[in-house]
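A.B. asks: Below, each chain spelled out in residue letters.
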Amino acid sequence: MRRCLAVLATGFTLVVSACGGPSTSAPGCTIGVSWNNYQEERWAKWDEPAIKAAISAGGGKYISNDAKSSPETQASNVDNLTSQGAKVVIILAQDGTAIKPAVAKAIQNGVPVIAYDRLIEDPKALYVTFDNVLVGQLEAQAVFKAKGTGNYAIIKGNKADANADFLRSGMDKIIGDAVKSGAIKIVGETYTDNWDPAKAQTNMEQILTANQNKVDAVLSENDGMAGGVIAALTAQGLAGKVPVSGQDGDKAALNRVALGTQTVDVWKDARLLGKTAGEAAMQLCNNSDPSKVKGTAAFKTPGGNSLNSILLTPNPITKDNLKDVLDAGWITKADLCQGVAAGKVSVCG
Amino acid sequence: MGASVPGEASAEGGPARSQSFVAAVRSALAPVTGALRSLEIDTRMLGMIGALIVIWVLFNIVSGGTFLTARNLWNLSVQSASIAIMATGMVLVIVSRNIDLSVGSMLGFLGYTMAMFQAVWIPQSLGLGFEQPFTWVLTLVIGIALGAAVGGLQGFIVAYGGVPSFIVTLGGLLVWRGLIFRYAQGQTIAPLDTTFQMLGGGTVGTRVGALGEWPSWTLGVVMCVAIVYVMISSRRRRRRYGFPVRAIWAELLVGAVACGAVLGIVLVANSYPLPVNVAIQYAEEHGIPVPPGGLFIPTGVAFPVVIMLIVTLVVTFLATRRRFGRYVYAIGGNPDAAALAGINVRRTIMLTFALMGSLAAVSAAVQTARLNAAVTNLGVQNELDVISAAVIGGTSFSGGIGTVPGAILGAVVMQSLRSGMVLLLVDSPTQDIVVGIVLVAAVGLDAVVRRRVS
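Protein sequence lines, in the order shown, are assigned to chains A and B.
Under our numbering, think of the first position of the first sequence as 789, with each following residue one higher.
Under our numbering, think of the first position of the second sequence as 14, with each following residue one higher.
Just so you know, these hints were derived from the structure itself, not from any lab.
Think of the CB as a built atom: it goes at the ideal place given N, C-alpha and C, for glycine as much as any other residue.
Careful: at least some of the hints might be erroneous.
[Claimed, not checked] Heads up, simulated SDA-like pairs for lysine to any residue below, C-alpha to C-alpha not over 25 angstroms straight-line:
no.	chain 1	residue 1	chain 2	residue 2
1	A	935	B	389
2	A	1063	A	921
3	A	888	A	1090
4	A	1002	B	430
5	A	856	B	200
6	A	1132	B	418
7	A	973	B	439
8	A	1002	B	293
9	A	1039	A	888
10	A	833	B	218
11	A	840	B	200
12	A	888	A	912
[Claimed, not checked] Computed spacing ranges between beta-carbons, pair by pair:
no.	chain 1	residue 1	chain 2	residue 2	range
13	A	1002	B	176	25 to 35 angstroms
14	A	1002	B	60	32 to 42 angstroms
15	B	410	A	1115	51 to 61 angstroms
Let the sequences and hints guide you as you build the complete structure.
C.D. replies: As structure tokens, this is what we get:
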């Protein structure tokens, strides 16, 4: 009864029907997905269809709700999903710490939890994500290959986002030794509020000014900020001459890779992530022990926990393998090749 | 005034002594305050210029001489432009005792719409293709019209619906941002039309979004002439109505300072050469031989700054020379008296919001053009920067007080702090702390000084 009241209090009319009695036994297994912010393009367009497809292929049923960027709403949303009869819950966490009590409660009630894309510090959760440290590594690798010495600028993401530091630690695996030996000098390193491209542009302008344009390479943690960085480089006639990294597979960024102004775009195919999570969820229906899911390995979290995880390998897209994103149907040829001169890039003709 | 004799004062008790001390200081400063009064310059404005000079000199020393280079000042002018443009409109909104919290979201929404227009609707949906010569004008005109409509709608609800502006624009903040996600699904729209990009002061190949050397000087001279003309005509008008006029020396000094500021901006902008790589490419394309010492092609005043100067002139003109502006200040001073005097208060308030909306569109054009992309978090928290700029620039929340040039100066002060700290690699949380303290200190200090004076 208490849960029933709690559910009512959250005001989701959708859920109220589930309060009347024991949840209706759905055919197969019900998988609940708690989105943190469904407004962002990516989740609706790529992740959700892939999760849905994997679940229905396994004979399961998909239900979901949206926390609209609120950690409090998400906590009650997770409760709602279990009371609607979800046997496994997939959570895209708004706040990996604030969601912990709700996750612990679900697991106590025998509902396994998958931490989707973002870490939840609960040792019993299954963490399914692209390897963010590896993303940072791949970003640095491509830039390092283009320019192995000289002055580096590092444009990091939001300070409050653990991913910003995961990415940075991956970069350090590649350039750390060169920094120590003095072959690479870091002339500017800043966090960027909200991953805001306009802020990244201003920061890059100031770094260029402070160093009289003597910046040889830029490690930008994502594509949006890379756009700001490249706008600042363009103003100094340096675009295409200074290697720049990014990630996310944004259309605009892939177009920049084709144009030659961005060196690498580390692409994480959200459909693969969705498919993997969906399949893992179906396996958890039969056996709620995460370590029994195919392809898991132990993952040490920054909080000192060890949890089971499936880390997917991202694909660094450079001028040489633009074909991959085109073949995967991720982007249209018109978008990819807009403004690219004929004969410059093979896939653009 | 007799109390200023020191001998008498020392013989008296504590409070009386301090009183006579104040009087002594006041009489010692009398020639200065008298001169200021005949200059008719806001002491607040002087204080702000002083603060700006202190900030600039300090940053210049700490950064080892980088801050006051032509290049950094040029950057600073471009980085301040978009906030400054909106701050001019915010002055009028706040003067009429309202507030607009939606400008950041409105900017995002309008910027996104303009980007869709030039990158998707005109070239693809209408099938007219990319890079048409009319694309940028059409986009800008539609953007400004839409901005006026959106702002006007909010103004209508405030003025005729009687809903407090804080609530209406708080709603706007959510609605306009939500609409971006709704109809563009979080996608980044890029690249933009190359001519449109010029509005942001950026570079495309060898085309630079700035006036170049001689047009910049021309602009400076034209603005100087305009300033002198306005001063002469206002002096004449005052004579005609029997109002007191400034002493000739004061008139000359104010004119010289205003002209000097404009020409100073031009001089700095012209001392900033095109970046080496751009200059070399430019020389190749135009068949100019490159001398051994390198090529020095002056960049000139950036287009965002030109836009800002024009907006400043127009809004200042509206505020001080048109009936609309007089009404706005009258409403801010005393809304009931204004209504009883026959002013159409509702209409005037709606118009201030419509003006704010169209200025948000202009800023949106500058920001998207500069970034060469429209992103979903375009303009997030800009409302705070714009309101801060207006308030640091002397606009009072109690209404009726505030100037457009003050707001511009406020925007430059804020951006100077931000850019200077990035130059020194100060991290973003510390930047926020410093800007926050400066905001409160500036307004607090002003309040204290004002109380003392009155």
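A.B. asks: Hints first: check each against the structure and report whether it holds.
C.D. replies: The hints, checked one at a time:
no. : hint                               : result
1   : A/935 / B/389                      : 32 angstroms, violated
2   : A/1063 / A/921                     : 21 angstroms, holds
3   : A/888 / A/1090                     : 15 angstroms, holds
4   : A/1002 / B/430                     : 24 angstroms, holds
5   : A/856 / B/200                      : 18 angstroms, holds
6   : A/1132 / B/418                     : 50 angstroms, violated
7   : A/973 / B/439                      : 18 angstroms, holds
8   : A/1002 / B/293                     : 17 angstroms, holds
9   : A/1039 / A/888                     : 35 angstroms, violated
10  : A/833 / B/218                      : 35 angstroms, violated
11  : A/840 / B/200                      : 23 angstroms, holds
12  : A/888 / A/912                      : 11 angstroms, holds
13  : A/1002 / B/176: 25 to 35 angstroms : 55 angstroms, violated
14  : A/1002 / B/60: 32 to 42 angstroms  : 39 angstroms, holds
15  : B/410 / A/1115: 51 to 61 angstroms : 59 angstroms, holds
Violated hints for the displayed structure, listed by number in ascending order: 1, 6, 9, 10 and 13.
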